[in-house]
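*Asks:* For reference, the chains in residue letters:
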Amino acid sequence: MSEQVAGARIIDRGYQHYDGARLGLTHATRVMTWAAIKRALGIRRPFRHKILPWLLLLVSFGPAAFLLAFRVFVPAALGNNLPSYDSIYNRLTAVYLLFAGLAAPDLLCADRRERVLSLYFAAPITRLRYVASQYAGLVCLLLLMTLVPMLVLFAGNALLANSAWDYLRQHTDDLWHIMLSGALTAVYFSALAVAVASFTDRRAYATGTYVGLLLVSGVVSAILVRIVHFSGSEWLALINLVFLPVRVIRGLFDVPAEPALNPWACAGVMLGLIAVSLALLVWRYARIRD
Amino acid sequence: MRPIFLLTLRALARGRRLLVVAALLLVPALLALIYRLSAPYNQNGAHPAHPFRDYILPFQIDLFSQLVVPILLPLTALIFATSALGGEIEDRTLIYLTLRPVSRLTIGVAKLLATALVTVVLVEASLALTYAIAAQGQSGAGDGLAAILLAGLAGCLGYVSLFLLIGLLAPRRALLIGFIYVMAWEGLAAGFSTGLATLSVRRYVEGILHAGLNAIRVPEIQWPNVTGATSIAVLAAIFIAGLALTTWQLHRIELT
Amino acid sequence: MTTEITPTSRTEPSEASRAATGRPGPGVPATIEVEGVSKWYGDKVAVSDLTFALGPGVTALLGPNGAGKSTTLKMLTGQLRPSRGAVRVLGQPVMDNPPLYRRIGLVPEQEGLYPFLTGREFVELAAQLHRLPRPRQAAEEALHTVEMLDAADRRLGGYSKGMRQRVKIAQALVHEPDVLMLDEPLTGADPRQRLALMETFTRLGAAGKTVLISSHILYEVERMGSNVLVIVNGKLAAEGDFHAIRALMDDRPRRVRVTCSDPRAVAARLVALPGTLSVSVESDALVAETAAPLEFHHAVSRAAQGAEARLYGIEGLDEDLESVFRYLVSR
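Chains as they are written, first to last, in the working numbering: chain A, 28 to 317; chain B, -9 to 246; chain C, 97 to 427.
These aren't lab readings, by the way, just hints derived from the structure by calculation. Please read all numbers here as calculations on a predicted model, not as lab measurements. Please note: incorrect hints may appear among the correct ones.
Short derived list, chain A residues pointing at chain B, Cβ under 7 Å [what the hints assert, rightly or not]:
hint, residue
1, Ala231
2, Val252
3, His256
Glycine is no exception: its CB is placed at the ideal position from the N, C-alpha and C atoms.
Take the sequences, apply the hints, and build the full model.
*Replies:* The following block contains the structure:
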């Protein structure tokens, strides 16, 4: 309380109770999601935390930018062999994978290692909202990498065509396919990364396990497909976790994949993996005692 | 030396980490089991005369050089070796070993031997199990086992010594550095000129394997252009050099 | 001592420990010698131009947080290399000198321990590495000294902070070192354990070992011995017997508390003295600040007589280590 006498006052600068408006849990979750995005990008952190994420971000825009630049300035060089959207997704898989593998441990492991979780949970943030906000932040960033370059490419193609409206009308399917592909890829790699990151405190272990798991799955599936031959054994190719999104994407764009598997089934497996990963994440965080 | 050796053994061979590594090293055995059960060389009515020599052993070697040597072996060595010394620095327990009347060489040797023992036991067990499962009861079984085990042993020793040193020099980044070395450097250097490739442990492991298999028909793998004797010599040199540098660093290390 | 005020008994060093004062002297060679030692990390100077020598007995290393105490201790145990200057312990350079470590014990500040070892195994490991002839027995004795025998067979991972601290002290004592360095050894110990540990350190000091304790708990530290090293902002601010340091601080007035039956009347007479700087009156005593303590003490009984008040006690308020410390830090 401040004391006031005519013409003068002493202001009490001690501890005050806050009686104003409180913005609620939704706002809090939104703030945390935005904080997760900034953290993964290294904003407000030393420079070395910015190098890799921004580099990967740039690389994800690379193919789209180069293609458009070629089409505008040197159209003859490309001829008619324009790389399709699914092939770009294929090539950029490593970039998406790496980004998720580096960002997820940054978002989850650091808080556990520094033991600040109890600080978060002392506020009205629930464990579910905390975990959801970190995951959402990562997905937003990956969407930035998987969706935006493709949409830019699409827009560029439309503008460079003889008639933009005609192009749009003829290729509306492509637009939906891009949105779906981008969304699925982002959600998938993020889910796997946060699931792995929820199991260990150390960032290095989390990144290593995630990348190692995906690599080993690739090698193992390649070996299995070669050595095992019984009816239906080509489904073993689904063990390759890295290539799974591209199978679905190729299915969407009607491009055949090796070996030919029903893309709906692949999508089902992918959704199943996402569900399991998120379940593991929630389960781990429900059990953590700081 | 014995107390430090036993301490390191206990530190490494425990808990979740051991289970994860063991699970990882069971994957080749699992694949061998699947191969054995599915017996792809017996498909379509074909029954080859020498299934072991013509199919199973090449598969083994394929498995070894595609999965074990590039990924599983270095990863196992990396996980244990970076923890043996680098982990002690990170956990701030190294002072309890260095502020004692024990020579730095003794500390280095004890750490190296303990880490090597844990790594070698796990890796060789995995290799032997994989071989046994795939080769079960076939005539000609036993060929190539010595070469595989020797190459695996040499690889473990080389990688462990190297990663122990890296763990000591850069404890916080050791895992990352080792990872990049194994995945990027050795993965890419394998495809490039021989100049760069001389700095790759993997190359010499494959060299030993190739030399050990010389009488046996081998699948179409890109074998490195290096003799068995050279490979053994280089890996031994890496082992010794790693120990020497580790000891040297232990002399001058500052524990903040 | 140059003042005539007898400090209250809590700061009086005991007879036995007067022999080993922590300072080297004739017939008492220095066990720790530091000459012109500085340590910097790039542009940041942690410790600058330290020069001191310590002998057998207990010495307290004092200083505010971040002053450089831990850095100094680490340089004394060979954990850090000085950027400049020389450190000698028991006459030998301490860096990279394993045979010397047989005679040095360290209780580090950091908490890291091997979680999978039991307390007993940890102390036995220390004994084995020190090549003691009977490591198991030595470990038992050390654990007994720190009162950890009951919990000795539980894993370190499950220890409380105080238990971890005591087991760290045990591993530093197990080989009976000549030089014992302790970085905040009393943290986490309950009052009774602290008393027991302080007694141990005092005993070691009296037995001729060199004990260097870095601590924040000043009133306990001053019970173990009077030799201090004060480090402020990386530089040595004072060294020696803290009573003598206090006496040297004569540019600072003394505060004295006089307990009597009529403080106001006595205060009125004392305020008339030329040396009195201020007087404050409480219900049963007065606190005066004086630049001339000798005259003040002579005048107190006369003032009480004149005021017809009964004098119950006189007490110097800033004779203790804390006041000395506060003064040195704020200079």
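*Asks:* How about His256 (chain A): closest beta carbon in chain B under 7 Å, or not?
*Replies:* holds, 5 Å
*Asks:* Do the numbers back the hint for Val252 (chain A), that is, is its least Cβ distance to chain B under 7 Å?
*Replies:* Not OK, violated: Val252 (chain A) not within 7 Å of chain B, min 11 Å.
*Asks:* Double-check Ala231 (chain A) for me: the hint is only fine if its C-beta lies closer than 7 Å to a C-beta in chain B.
*Replies:* With a closest approach of 4 Å, the Ala231 (chain A) hint holds.
Going through the hint list in order, the structure does not satisfy hint 2, though it satisfies all others.
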